[in-house]
Amino acid sequence: NAGVTQTPKFQVLKTGQSMTLQCAQDMNHNSMYWYRQDPGMGLRLIYYSASEGTTDKGEVPNGYNVSRLNKREFSLRLESAAPSQTSVYFCAIADFNNEQFFGPGTRLTVL
Amino acid sequence: RKEVEQDPGPFNVPEGATVAFNCTYSNSASQSFFWYRQDCRKEPKLLMSVYSSGNEDGRFTAQLNRASQYISLLIRDSKLSDSATYLCVVIPGNDMRFGAGTRLTVKP
Chain G
3 NAGVTQTPKF QVLKTGQSMT LQCAQDMNHN SMYWYRQDPG MGLRLIYYSA SEGTTDKGEV
63 PNGYNVSRLN KREFSLRLES AAPSQTSVYF CAIADFNNEQ FFGPGTRLTV L
Chain V
774 RKEVEQDPGP FNVPEGATVA FNCTYSNSAS QSFFWYRQDC RKEPKLLMSV YSSGNEDGRF
834 TAQLNRASQY ISLLIRDSKL SDSATYLCVV IPGNDMRFGA GTRLTVKP
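As you go down the protein sequences, you meet chains G and V in turn.
Start counting the first sequence at 3; every next residue gets the next number (the numbering used here).
Start counting the second sequence at 774; every next residue gets the next number (the numbering used here).
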């Protein structure tokens with residue numbers, strides 16, 4: 003079992019470019035989350051999906067869109083990247099006890 | 774005021790020391806609480822849940838004080854391998870709120 007996988011691991015974008023971060027799980031959990039982590043800020047929730055077909059905004063959703071394609075996959079899209087979106091992005095899943103399991107992260111730099 | 778606040782750290786302690794971290798939260802409706810550990814440039818990993826009655830896992834003890842709205846993590850007999858950043862997590866509803874983390878360095 004891979005748990006939670008994320009692609010890509012690293013990405014460099016120019017301002018205005020778009021990209022999609024992919025997340026997949028093989029643990030059959032309903033809830034999936036996207037976070038960003040910046041120095042001194044801790045993890046901040048961007049979007050989450052409590053179940054297939056539903057998505058909700060978190061603390062910092064502006065500039066992002068998500069798709070819960072099926073139970074396994076939850077993608078995060080940046081339509082027009084900005085330098086303020088330079089960060090480490092983590093995908094996570096949660097079981098019924100709200101215990102979260104994280105993917106390895108995507109390090110994104112926007113120039 | 775942030776929803777979840779942690780001791781800023783860093784904490785630098787010798788091996789064998791006992792160290793404690795606190796985490797305060799502002800939403801009194803919060804129902805679930807956790808401590809996570811994060812190593813440098815790695816993803817956070819669940820350390821332990823925090824139960825109302827307090828709970829212990831080996832050298833680690835977690836406690837919840839609902840009246841004062843804080844959770845704590847106590848590490849006894851610190852090991853070099855305990856060096857990491859410790860994140861508290863509070864769940865007020867369907868989403869999650871993380872503290873900024875407390876950095877611990879255990880020195881020989």
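Please keep in mind that the hints were generated in silico from the structure rather than gathered at the bench.
In this text the structure is predicted, and so the values were computed from the model without any measurement.
A hint or two may mislead.
[What the hints assert, rightly or not] In silico DSS-like links for lysine-lysine, alpha-carbon gap of 30 Å or less: (1) G/Lys73 / V/Lys818; (2) V/Lys815 / G/Lys11; (3) G/Lys59 / V/Lys818; (4) G/Lys11 / G/Lys73; (5) V/Lys775 / V/Lys815; (6) V/Lys815 / G/Lys73; (7) V/Lys852 / V/Lys880.
Against the structure, the hints:
no.	hint	result
1	G/Lys73 / V/Lys818	22 Å, holds
2	V/Lys815 / G/Lys11	12 Å, holds
3	G/Lys59 / V/Lys818	23 Å, holds
4	G/Lys11 / G/Lys73	22 Å, holds
5	V/Lys775 / V/Lys815	24 Å, holds
6	V/Lys815 / G/Lys73	25 Å, holds
7	V/Lys852 / V/Lys880	8 Å, holds
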